[in-house]
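First to last, the sequence lines map onto chains L and D.
All letters in the first sequence, in the order written, are residues 1 to 346 by UniProt numbering.
All letters in the second sequence, in the order written, are residues 1 to 346 by UniProt numbering.
Simulated from the structure, these hints should not be mistaken for lab results.
Do not rely on the hints blindly, as some may be mistaken.
Unchecked claim - FRET-style restraints, in silico, Cβ to Cβ:
1) D296/L - H334/D: 54 to 62 Å
2) K26/D - K198/L: 57 to 65 Å
3) E211/D - H311/L: 56 to 64 Å
4) S307/D - A17/L: 54 to 62 Å
5) T27/D - A248/L: 38 to 46 Å
6) T12/D - H311/L: 51 to 59 Å
7) S21/L - G226/D: 36 to 44 Å
8) D16/L - S318/D: 56 to 64 Å
9) T190/L - H334/D: 29 to 37 Å
10) D303/D - K95/L: 54 to 62 Å
11) K26/L - G226/D: 37 to 45 Å
Bear in mind the structure is a predicted one, so any value in this text is a computation, not a measurement.
Even glycine gets a Cβ: it sits at the ideal position worked out from N, Cα and C.
So the chains spell out like this:
There are 2 protein chains.
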Amino acid sequence: MEVSNRLIVTKTHIEDAPKESHFEVKTESLSLSLASASDEIIIKNLYISMDPYQLNRMKSHSSSQNAISFSAPITPGHAIDGLGVGKVVASGNQKYKKDEVVVGVFTWAEYSVVKEASIINKLDPSQFPLTYHLGVLGFNGLSAYAGLFEVCKPKKGEKVFVSAASGSVGSLAGQYAKLLGCYVVGSAGTQQKVDLLKEKLGFDDAFNYKEQTDLNSALKRYFPEGIDIYFDNVGGEMLEAAVSNMNAFGRVCVCGVISEYTHSGKRASPDMLSVVYNRINIRGFLAADFLNIFPDFVSHTCDQLRSGKLHVLEDISSGVETIPSAFIGLFNGHNVGKKIVKLALD
Amino acid sequence: MEVSNRLIVTKTHIEDAPKESHFEVKTESLSLSLASASDEIIIKNLYISMDPYQLNRMKSHSSSQNAISFSAPITPGHAIDGLGVGKVVASGNQKYKKDEVVVGVFTWAEYSVVKEASIINKLDPSQFPLTYHLGVLGFNGLSAYAGLFEVCKPKKGEKVFVSAASGSVGSLAGQYAKLLGCYVVGSAGTQQKVDLLKEKLGFDDAFNYKEQTDLNSALKRYFPEGIDIYFDNVGGEMLEAAVSNMNAFGRVCVCGVISEYTHSGKRASPDMLSVVYNRINIRGFLAADFLNIFPDFVSHTCDQLRSGKLHVLEDISSGVETIPSAFIGLFNGHNVGKKIVKLALD
Numbered sequence: 001m002e003v004s005n006r007l008i009v010t011k012t013h014i015e016d017a018p019k020e021s022h023f024e025v026k027t028e029s030l031s032l033s034l035a036s037a038s039d040e041i042i043i044k045n046l047y048i049s050m051d052p053y054q055l056n057r058m059k060s061h062s063s064s065q066n067a068i069s070f071s072a073p074i075t076p077g078h079a080i081d082g083l084g085v086g087k088v089v090a091s092g093n094q095k096y097k098k099d100e101v102v103v104g105v106f107t108w109a110e111y112s113v114v115k116e117a118s119i120i121n122k123l124d125p126s127q128f129p130l131t132y133h134l135g136v137l138g139f140n141g142l143s144a145y146a147g148l149f150e151v152c153k154p155k156k157g158e159k160v161f162v163s164a165a166s167g168s169v170g171s172l173a174g175q176y177a178k179l180l181g182c183y184v185v186g187s188a189g190t191q192q193k194v195d196l197l198k199e200k201l202g203f204d205d206a207f208n209y210k211e212q213t214d215l216n217s218a219l220k221r222y223f224p225e226g227i228d229i230y231f232d233n234v235g236g237e238m239l240e241a242a243v244s245n246m247n248a249f250g251r252v253c254v255c256g257v258i259s260e261y262t263h264s265g266k267r268a269s270p271d272m273l274s275v276v277y278n279r280i281n282i283r284g285f286l287a288a289d290f291l292n293i294f295p296d297f298v299s300h301t302c303d304q305l306r307s308g309k310l311h312v313l314e315d316i317s318s319g320v321e322t323i324p325s326a327f328i329g330l331f332n333g334h335n336v337g338k339k340i341v342k343l344a345l346d
Numbered sequence: 001m002e003v004s005n006r007l008i009v010t011k012t013h014i015e016d017a018p019k020e021s022h023f024e025v026k027t028e029s030l031s032l033s034l035a036s037a038s039d040e041i042i043i044k045n046l047y048i049s050m051d052p053y054q055l056n057r058m059k060s061h062s063s064s065q066n067a068i069s070f071s072a073p074i075t076p077g078h079a080i081d082g083l084g085v086g087k088v089v090a091s092g093n094q095k096y097k098k099d100e101v102v103v104g105v106f107t108w109a110e111y112s113v114v115k116e117a118s119i120i121n122k123l124d125p126s127q128f129p130l131t132y133h134l135g136v137l138g139f140n141g142l143s144a145y146a147g148l149f150e151v152c153k154p155k156k157g158e159k160v161f162v163s164a165a166s167g168s169v170g171s172l173a174g175q176y177a178k179l180l181g182c183y184v185v186g187s188a189g190t191q192q193k194v195d196l197l198k199e200k201l202g203f204d205d206a207f208n209y210k211e212q213t214d215l216n217s218a219l220k221r222y223f224p225e226g227i228d229i230y231f232d233n234v235g236g237e238m239l240e241a242a243v244s245n246m247n248a249f250g251r252v253c254v255c256g257v258i259s260e261y262t263h264s265g266k267r268a269s270p271d272m273l274s275v276v277y278n279r280i281n282i283r284g285f286l287a288a289d290f291l292n293i294f295p296d297f298v299s300h301t302c303d304q305l306r307s308g309k310l311h312v313l314e315d316i317s318s319g320v321e322t323i324p325s326a327f328i329g330l331f332n333g334h335n336v337g338k339k340i341v342k343l344a345l346d
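So here's chain L without its partners, still in its complex pose:
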């Protein structure tokens, strides 16, 4: 059986903020039956994860050496790989059977043709919503968990600041810290998000950074006793302000630098004198380095999900043609929580 597979590709390299005109829908015809010797697996994509770091892969080589040395660049006109959940349509690999649901590295498309190495896990749809495996039970959750517990090592009662706190990682990092007994304040970009943080996620306080004329004074007001831990998702001026408000032996885990993804010239200049005198530790990390704690993370998180203590924010659009706007929205603060594109019914 032949189908028409629609995929989203970039038309050019993207050096700053992504726009609709950078993307196009490409249609390819795809056979859903495999040649008898094939070891490929054909996946019907159900959900695709939208992640800001993908923008770094879309830059030209010269502007993004570091990102590219970590993950393969995305070539204009070619399929874009990213985390997704899908259903096996046809399989040339004994491990995976038709109709099984899997999470793995698929493509920004309706169908993906992959090899065994691209599949991360089989999923049991009866346990949790399938989308959870792209966020709270996937790499975003692991980022929040590893960044907070492994990098920042919080103690009960410590003061924790989270930027982009209503985002997929920030919303979880803040809740983990709250559940441990920390004092947690988050920043976000709309009043609606601020309300959500305080009313639904249980943050002690939250503020709209766009309404602050001076982030340094804002943090001084929200943390009169100083910040012990800063979970950084944004970089830039917020990082500077956080460093200037940190207590002795403060820890910053740098999970993302969204301000630099779209404006590479807009770098943070943290006060290094404060870094020395307050013995601040600033550490970049990637969830991929913490796969050894994945089982602990999943067990801890599933318990908190089942008990209703951990709330999941998801923001789902439908249809392959919504991928560009879903992705672009990540850089404009349009998403509330984990941004996902739904491509087909479960």
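With the hints as your guide, set chain D onto chain L.
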């Protein structure tokens, strides 16, 4: 017996680079005999340590909150305390007797009158030159040792970059790394210092940063395989260049930020994208936090001094009136190694 005690004081707060006009010699008359009930100790200062961080204590409160929250500010017109070696002239404390030699927190003066708490240790003049207790066997040595071994945790064969490498801390950090089996390159500000690093201290390579038009390219040339550890004494552009040349899991210990001491607006803007993708750890530290390893440090360092493997660079001027120029010279790269002012014969 009365003597005339000359001391050096600041005339005003100092906000940027220190100049001769910021200082003056003050003369006070001092009795060298104590009242019978006194618990004071009168010290004839032999050597006074010159340390860049003192400049942060000379700033006005508003310009240097962080430095001041760590150590007491220096008030214009008042005695300046700092590390020194001296001989007990009179003692109201049973622990210390006349003619004993001690290291402690004394004053920028010919004589200091202190209490027991200001004395750190008695010294045995037969073991090492007394000046060593202000540098290689004092806090500078501990800074080099703790920053390298405790903060950066080097492994044999790793690539280590040291800035201000002919300074009191840098010269030791680089040698400790070399003795462990690392590849070590240092930066300094004159050809004479560069030669010293390569020929006397055994650095694998060294360069004059003032002759480089592009520090980023310079580090790329000296570290074609990237930097694993950066021992940072200077901050500013050098920190940016080092971060941009670091390998995955690279470590930066921030020991000093001399570029910010004199130009508070001249901050480093390290590439945080590189910090994330290369999982770089940037950590400020103070030697005072590592007093628990002081015995290990002293034992390790004494062994290396006795075996002749560790070379000590000292730069000594004579007379209380040379203190201002000795101190000012620290910010102009005039010193080679540990800067000390000699105030009297041993």
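So, going through the hints one by one against the coordinates:
1. D296/L - H334/D: 54 to 62 Å: 55 Å, holds
2. K26/D - K198/L: 57 to 65 Å: Once the Cβ atoms are compared, 58 Å apart, the range 57 to 65 Å for K198/L and K26/D holds.
3. E211/D - H311/L: 56 to 64 Å: 58 Å, holds
4. S307/D - A17/L: 54 to 62 Å: 60 Å, holds
5. T27/D - A248/L: 38 to 46 Å: 40 Å, holds
6. T12/D - H311/L: 51 to 59 Å: 57 Å, holds
7. S21/L - G226/D: 36 to 44 Å: 37 Å, holds
8. D16/L - S318/D: 56 to 64 Å: For D16/L and S318/D the Cβ distance comes to about 60 Å; the hint holds.
9. T190/L - H334/D: 29 to 37 Å: Since T190/L and H334/D have Cβ atoms about 55 Å apart, the given range 29 to 37 Å is violated.
10. D303/D - K95/L: 54 to 62 Å: 59 Å, holds
11. K26/L - G226/D: 37 to 45 Å: Because 38 Å falls inside the window, the suggested range holds.
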